[in-house]
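Note that the protein sequences, when read in sequence, are chains A and B. The opening residue of the first sequence carries number 1 in our numbering; numbering runs sequentially from there. The opening residue of the second sequence carries number 280 in our numbering; numbering runs sequentially from there.
Please keep in mind that the hints were generated in silico from the structure rather than gathered at the bench. The reader is advised that the hints may include incorrect statements.
With a Cα cut of at most 30 angstroms, we get these calculated BS3-like pairs of lysine-lysine [said to hold, decoys possible]: (1) A/K151 x B/K427; (2) A/K237 x B/K426; (3) B/K305 x A/K107.
All values reported here derive from a predicted model rather than from experimental measurement.
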Amino acid sequence: MPLRSSSSQFRYYQAVILYHCLAISSSYTSVYKHNYDNMMNQIWLAMLLGGLVLAMINGRMEQVTAALLQSAGDAVTLCLTLLGVISLWSGFMKIAQRSGLTLIFAKAARPLLNILFPRIKHDAAAMGAVTMNLAANFLGLGNAATPLGLKAMTELQRLNTGIHSVGNALAAGSIRRDAATDEMSMFLVLNTAFIQLVPSTIIALRAALGSKESTGITVAIWIASACSSAVGITAAKLLSWRSRKRRPKCLHDAKKIHGSSNNIYGYSKNLYGGRNGRY
Amino acid sequence: MEILKVAQLYAVPAIILIILLYAFFKNTATFDAFLEGAKEGMDVSIGILPPLIGLFTAITVLRASGAMDVIIMLLKPVSTLLGIPPELVPLAVLRPISGSASLAFVSQVMKQYGPDSLIGVTASTMMGSTETIFYTLTVYFGSVGIKKPGYTLVAALFADAAGVIASVFICRFLFS
Numbered sequence: 001m002p003l004r005s006s007s008s009q010f011r012y013y014q015a016v017i018l019y020h021c022l023a024i025s026s027s028y029t030s031v032y033k034h035n036y037d038n039m040m041n042q043i044w045l046a047m048l049l050g051g052l053v054l055a056m057i058n059g060r061m062e063q064v065t066a067a068l069l070q071s072a073g074d075a076v077t078l079c080l081t082l083l084g085v086i087s088l089w090s091g092f093m094k095i096a097q098r099s100g101l102t103l104i105f106a107k108a109a110r111p112l113l114n115i116l117f118p119r120i121k122h123d124a125a126a127m128g129a130v131t132m133n134l135a136a137n138f139l140g141l142g143n144a145a146t147p148l149g150l151k152a153m154t155e156l157q158r159l160n161t162g163i164h165s166v167g168n169a170l171a172a173g174s175i176r177r178d179a180a181t182d183e184m185s186m187f188l189v190l191n192t193a194f195i196q197l198v199p200s201t202i203i204a205l206r207a208a209l210g211s212k213e214s215t216g217i218t219v220a221i222w223i224a225s226a227c228s229s230a231v232g233i234t235a236a237k238l239l240s241w242r243s244r245k246r247r248p249k250c251l252h253d254a255k256k257i258h259g260s261s262n263n264i265y266g267y268s269k270n271l272y273g274g275r276n277g278r279y
Numbered sequence: 280m281e282i283l284k285v286a287q288l289y290a291v292p293a294i295i296l297i298i299l300l301y302a303f304f305k306n307t308a309t310f311d312a313f314l315e316g317a318k319e320g321m322d323v324s325i326g327i328l329p330p331l332i333g334l335f336t337a338i339t340v341l342r343a344s345g346a347m348d349v350i351i352m353l354l355k356p357v358s359t360l361l362g363i364p365p366e367l368v369p370l371a372v373l374r375p376i377s378g379s380a381s382l383a384f385v386s387q388v389m390k391q392y393g394p395d396s397l398i399g400v401t402a403s404t405m406m407g408s409t410e411t412i413f414y415t416l417t418v419y420f421g422s423v424g425i426k427k428p429g430y431t432l433v434a435a436l437f438a439d440a441a442g443v444i445a446s447v448f449i450c451r452f453l454f455s
């Protein structure tokens, strides 16, 4: 039995939705402050509170109580059914890793990556880590991909001159290197939009729910991922081009703009993007 | 079209065959490697259980209370504009934020509509072609002390949106 008339009920709906929108948008901003845990706290709380409040307004407490009690068990069942297929794939992919098949994929991807990372293509350590992480992602080696990705980030940070951090020229003596470089952005966009050879979690989920063609979505996922990668790469390149136009060419220039000319950082003018650059 | 159908059918067995044949020619201890990998896979699956329980419950409560219907109804203009089925708009919103939440949502959608229905197939494709952007960015940037992600998030969200829209069109094209 609904507790309220339909018009005031609609107002309550609006309030609940507004609450959700606020929670999600505030979460999106909190990510900018690097607080992912906080974001998940807010979203989880918003979902549960919103659902419970609306259930009271709607008079659907009975269904919600049943759902609360049943869903925890359902989650365990789901997890256990997924466990089989995920372990199976993980096992096959480990074989691919051991036999060196991953290296072949990495080698094949190298020409493309040289185009995407023109400034660091001669840095063997950085390019190696980037390539291996993407190859591991491609094969769905979640466990291997994360350490390789963090290694790649460390290498990219080593090459970070601090040119992207605004106000560096004014900071005397020390260089802040807390802003993402173009290479980091490109790497992360590739990392999140990359094609996965066998989307094992989805296949497992579909098989668990009784699909007759659980692998039938593989090609569709490849095509969709390819679109996603293409758009991501284009967006990253365009945005990097736009942001490059706005900032000084190198730290030396930045210092000049701010009225000081002695090069206390010891960087050459050509370090970043010049024809004789070190990269 | 026929080629794609054949590819769908052969993709997974062919990949396993290639992996095994290559390992055979390279004299890899296949079963040892398999066992180690399977163990890692098990740890991963068990690791996602706590967040999965929490988020599964939250999403079930949202659905049972009728809040999900209201959200879907309110997002209808957006979904018709982009051509996304309204039932899947919450997935498009949840996916960049939380892998467990979207996994829970996809499983419930597939249970309701059937995994081989157009909605089930589209949900699978969306889930498979997009990533947990916020989590990845936080972990990777956090690991080296980058505090200003610049345009990375925007570019990644563009890629995500492209994946979502592409999934809808490809599934409509392939499966209906």
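Quick rundown of the hints versus the structure:
no. : hint            : verdict
1   : A/K151 x B/K427 : 19 angstroms, holds
2   : A/K237 x B/K426 : 21 angstroms, holds
3   : B/K305 x A/K107 : 17 angstroms, holds
Going down the numbered hints, you'll see the structure goes against none, and every one checks out.
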